[in-house]
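Fit chains P and L to the known structure of chain H by using the hints.
Listed below, chain by chain, are the residues.
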Amino acid sequence: MNDVLAYVGRPQPRVDGPLKVTGRARYAAEVAVEGMAYGAVASSAIARGRIRSLHLAAAKAAPGVIAVLSHERDPGLPDEDDPYLKDMGAVPGSPFRPFCDDRIHFSGQPIALVIADSHEHARDAAALITADYDAETPQVDLMAAKAAAYVPPEPRSGIPPPPPPRGDAQAAFAAAPVRLQEDYRVAAEHHNPMETMATTVVWEGDGRLAIHTKTQGVNNPKTYVCAVFGLDPDAVRVISPFVGGAFGMALRPHYDLLLATLAALTLKRSVRLTLTRQQMYTMGWRPDTLHTVALSASEDGRLTSIRHAAVQATSRYEDYQEPTVNWSGLLYACPNVTLSYELAKLDTSTPSDMRAPGAALGLYALEAAMDELASRLKIDPLELRLRNYAERDFNEDKPFSSKELKACYRQGAERFGWDRRRPEPRSMRDGSELVGLGMATGCWEAMMQPHAARATLDAEGRLEVACGTADIGTGAYTILSQIAAEALGLPIERVTAKLGDTTLPKAPVEGGSWGAASAGSAVQAACAALKEKLLAQARGMNGAFANAAIAHARFTADGVALASDPAATVAYADLVRAAGGDGIAAETEFEPDEEFTKKYASYTHSAVFAEVRVDEELGVIRVARLVSAVAAGRILNPATARSQILGGAVMGLGMALHEETVWDATLGRIMNANLGEYHIPSHADAPDIEVIFVDEDDRANPLGVKGLGEIGIVGVAAAIANAVFHATGRRVRHLPITLDKLL
Amino acid sequence: MTPFSYLRAQSLQDAIAALAAEPGSRVIAGGTNLVDLMKYDVEAPRRLVDITRLPLHGVIPTDAGGLRIGALTPNSDLAYHPQAARDYPLLASAILAGASAQLRNAATTGGNLLQRTRCPYFYDVATACNKRAPGSGCSARTGINRNAAILGASEACVATHPSDMCVALAALEAIVHVEGPNGARALPIADLHRLPGDAPERDVTLDRGEIITAVELPSPRFGRHHSYLKLRDRLSYAFALVSVAAALEIAGGRVVTARLALGGVAHKPWRIREAEALLEGAAPSRAAFAEAADRLLQGAVGLGGNDFKIPLARRAIIRALTQAADGAPQSQSRKVIN
Amino acid sequence: MDQNDRRPGAELVPVTLVVNGETRRLEIEPAVTLLDLLRERLHLTGTKKGCDQGQCGACTVLVDGRRVNACLQLAVMRDGCDVVTIEGLGTPDDLHPMQAAFVARDAFQCGYCTPGQICSAVALVAEGQARTPDEIRELMSGNLCRCGAYSNIAAAIGDVMAGAAGAKEAAE
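Chains as they are written, first to last, in my numbering: chain H, 1 to 743; chain P, 744 to 1081; chain L, 1082 to 1253.
Heads up, some of the hints might be wrong.
[Claimed, not checked] Derived EDC-like pairs (lysine to aspartate or glutamate); straight-line CA-CA distance at most 16 Å:
#  : chain 1 : residue 1 : chain 2 : residue 2
1  : P       : Lys1078   : H       : Glu617
2  : H       : Lys60     : H       : Asp79
3  : H       : Lys598    : H       : Glu383
4  : H       : Lys406    : H       : Glu372
5  : H       : Lys506    : H       : Glu587
6  : H       : Lys498    : H       : Glu464
7  : H       : Lys599    : H       : Glu464
8  : H       : Lys741    : P       : Asp1050
9  : H       : Lys531    : H       : Asp501
10 : H       : Lys599    : H       : Asp393
11 : H       : Lys398    : H       : Glu595
12 : H       : Lys506    : H       : Glu591
13 : P       : Lys1078   : H       : Glu616
14 : P       : Lys1078   : L       : Glu1216
15 : H       : Lys406    : H       : Glu591
16 : H       : Lys533    : H       : Glu617
17 : H       : Lys531    : H       : Asp458
18 : P       : Lys1078   : H       : Asp117
19 : P       : Lys1078   : H       : Asp430
20 : H       : Lys60     : H       : Asp141
21 : P       : Lys1078   : L       : Asp1215
[Stated by the list, open to error] Sample of chain L residues with no beta-carbon within 12 Å of chain H, all distances over it, derived:
#  : residue
22 : Thr1097
23 : Gly1102
24 : Arg1105
25 : Asp1145
26 : Cys1162
27 : Glu1208
Think of the hints as simulated: they come from the structure by calculation, not from any bench.
In this text, a Cβ means the ideal position worked out from N, Cα and C, and glycines have one as well.
Bound-form chain H, shown alone (with noise of 0.2 Å):
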């Protein structure tokens, strides 16, 4: 087998790691046309209200300004939900709607925008734009919003409502020996993508659009945009090779997208809108959550009962949700467990999916619960994971399609040294510092969508992949090829993958984590027809073909040639050539197993353990070391996949230590839309991370992948969080841990 170039499980560096280093990929605002004009969008001053009237005669006048457009005027947007609706990310409710009217719903909203012949006259003229609004008091607090909560009444599309109650839960607890019932929260968030939003639309002639925008999946817009301004989708098309991080903001349509593609359809011409970093916390959010966990365990640590009920924000105009609570009757072996999931309306734009959406939350409230419960029950926060362990899904009451958490528990805890912690709290200290070691689960669903890709060979022997998916910094560009690269017994260098385009076969949205499972697939079963076709060309070429089957055929950097016999070998130039064309050409379409998802129940698993140093008398948190122990089944490139996981355990950092969009109560406004008073975590506060993966064997797709976008987060808040309690004997249950709680 020595002559098969094994590429898929080896840490192949990114196929696109060079245009990126070098500055030459470039990003839906990088976009360069001739005459292109710049949009900037003015914003509104107020959170909740209506516009009296707007001032834009001053921005008008100002340098370089080509239109102003607002809701004043008619811009010609449709006035209805539907068009809105096309947006496959739309949540139950009514979509907003830039400048379809008067309304205010949220701070930040946009109520005009300038088009001009510079970015800085786009940007001057902007500013320039103001407005007398009739205010009306926003509600931004949810702990006040909170007394009106209620169950969405329709459910969100693809997010299931939590699982009826089993047993009873009530009477578990009231019977049981050890109870613990506890508040917690997790702050608001914003993605924070360093790229901000940004679309450039050329405008191409004839009607004909090429919009350049930074989204997970490129047919998403133009679905959008071509309902809403009524496009015919032949004149459209939608390109987005490279996003400069999403972390599920760019799963939506944002109103760069409307507004831009509003001014080039005006104006006849090409424009470009890039937002603002402060802009980027005028759209989608991770919302604002309060949860309330109550377990009950026999004195042996066996779990009697889970409750959990999670009341989370959502705008005033749609119903966004999140699987918040489903988790905590999914991760434990537990016959009586109540899950509640009710929503309270904001004054702010609607939340969206951001990385491990819900998982990171309810994982966050349940693994901290759980800790608290190993605490009272005075036994090892693992062993009590291990004492529940759940072999089966009890909340749809599925067999798993595979499930290696025990062995994430076993090797992260050896790997960290769990085992030289001491139960006690405050027991651990180094020099100033107290130390603490926590641990938490986490879990994610391996979903899989419908996915289409081509494979074409051509008469160099060089083979391009192409699907419409998105590569936000996953890695899709390098598996892709790493997979298609092995198929054909190609070097790697011979093959190009091509995203990112609604020219290409159609891809779902990135997201989920479905990208590798369901792309992937796709490609693999676009180079096993490709492989077909180049046989079938074979067999009429060289008579020793004849009645080879695909079982007998190798492919190799030369060609194909007959496993029985390496000698007769077909060139792929000649099969190329023979064929008479640029290059012969297989497209197909994954579809996932059906039968299969409906047996079983699939999904990846984490252990992450922490170590954090608290300062004892200032408060002030450092985590020392981080381990993340995975389960996510086959691991496409070890290099790509650890960065995953790194990524997200940053991200979890940041949940656990730093992050939270602050709303002034009263303005309803945002007062840290910034990187400097939001903090994500800097290099500073990035500790050695070890990211280990263990064995699993799973059938739910022919790769055996699952999917590692969003496990690397779960549970790292928690593990943070826990690992804190451990060292200080302190329990924050309001997350982000800022020093002035340990105070």
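For chains P and L alone, coordinates are given in the frame of chain H:
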């Protein structure tokens, strides 16, 4: 940004005259604060007078055994200047605790002195702020005030001064040299920054047209008995919640001279001579440090969100003085607080 | 060819910059930042805009050899300066050692902060102030990375520093 004109000053007199001639003129050097404020439309100068080509660079020893730092000396150059780093490690440490390597490369000594507050309402033109728009009101008093002042605030303004460097300069009793339409003058740094009172729009006591030309440090006297301890919401690249510059001159087991200044707690670096005097003549001890801390924090009041700064500052003062007494200053790269 | 602003009402100021070794003469409004000049006038989009406020480091470039945030530099003030951007460090076929180390260590994901991280890291090595891993992390803290590639970035910088030290030893 409001459009503005640009003048590259060829001489100091040129710059001073330009400032006097056009009331909307502002000096620009490193630009790390002013350009940011202009992008937020917090500042809208009609003309920028670029002084970066003036001969105000360089760090030169003085006859008095101190150091004269040209106002245009970048923060990083000062922090890494061999003599400054050797003789004034407290200053070098404070500078390196602030901002980022990139910002320190651009930011100048004079500009750092003139940094404006990071109060979120000052930065947001959609809100009321007496410092930005006199008479409009103070939103921070009843709003988000996690980083607001606990000392020396007024009804009109609760902003804090954000600089780290200035806290060390206050402890080191630096002299600020300025030049203006009426000639040159020198003032102690304690007299440069103002308390907000009823005119919070004025951060400093400089007259119109005055330009900072240099900062002078008296001869060094604290040896290794110093520390700059900065506490913030992440471990780097964040403004101080509370910071302490502590410097002690110790002889025969007793404190001869003590200098103590706080950052992040007031409209200016906070220093009370009496608090320092409490330490002088006594052996360094936790009790003495606590007494000095209590004196320095006398009259501190919180607004809700910043209440924690009072106990935090007290503990930080004690800790920084302990570090200084031990000759074990806080490292700005090793994050464990010794 | 350089593009100039020629709009009514705008005071234009001539500026000459040497960008990646090439002399560029432009006439610009004073409000144009070095970042916007690079991205919008010279189409050198490798220098990124993450915050436009000096709070993220994505726009880090080398001006006269020093790393600075291009977003806070008015281009007129840098008249006569030498500017090196990510495009000037290396090309995909001829990577600068720091660029190669970033690829080898998988020190990026989305790639958006990466040019700033690399420019900053190149300057960090030249400055010679960072000797320990803690010092590398502290002196790189002006470059935020939301993908969380920090430990790989630190490793890449460590590799380059070790390589430079090794090369120096070999030469001595």
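Evaluation of the provided hints:
no. : hint                    : in the structure
1   : Lys1078(P) / Glu617(H)  : 15 Å, holds
2   : Lys60(H) / Asp79(H)     : 26 Å, violated
3   : Lys598(H) / Glu383(H)   : 32 Å, violated
4   : Lys406(H) / Glu372(H)   : 21 Å, violated
5   : Lys506(H) / Glu587(H)   : 11 Å, holds
6   : Lys498(H) / Glu464(H)   : 7 Å, holds
7   : Lys599(H) / Glu464(H)   : 36 Å, violated
8   : Lys741(H) / Asp1050(P)  : 11 Å, holds
9   : Lys531(H) / Asp501(H)   : 25 Å, violated
10  : Lys599(H) / Asp393(H)   : 11 Å, holds
11  : Lys398(H) / Glu595(H)   : 13 Å, holds
12  : Lys506(H) / Glu591(H)   : 12 Å, holds
13  : Lys1078(P) / Glu616(H)  : 14 Å, holds
14  : Lys1078(P) / Glu1216(L) : 10 Å, holds
15  : Lys406(H) / Glu591(H)   : 31 Å, violated
16  : Lys533(H) / Glu617(H)   : 71 Å, violated
17  : Lys531(H) / Asp458(H)   : 13 Å, holds
18  : Lys1078(P) / Asp117(H)  : 48 Å, violated
19  : Lys1078(P) / Asp430(H)  : 14 Å, holds
20  : Lys60(H) / Asp141(H)    : 38 Å, violated
21  : Lys1078(P) / Asp1215(L) : 8 Å, holds
22  : Thr1097                 : 20 Å, holds
23  : Gly1102                 : 15 Å, holds
24  : Arg1105                 : 16 Å, holds
25  : Asp1145                 : 20 Å, holds
26  : Cys1162                 : 19 Å, holds
27  : Glu1208                 : 15 Å, holds
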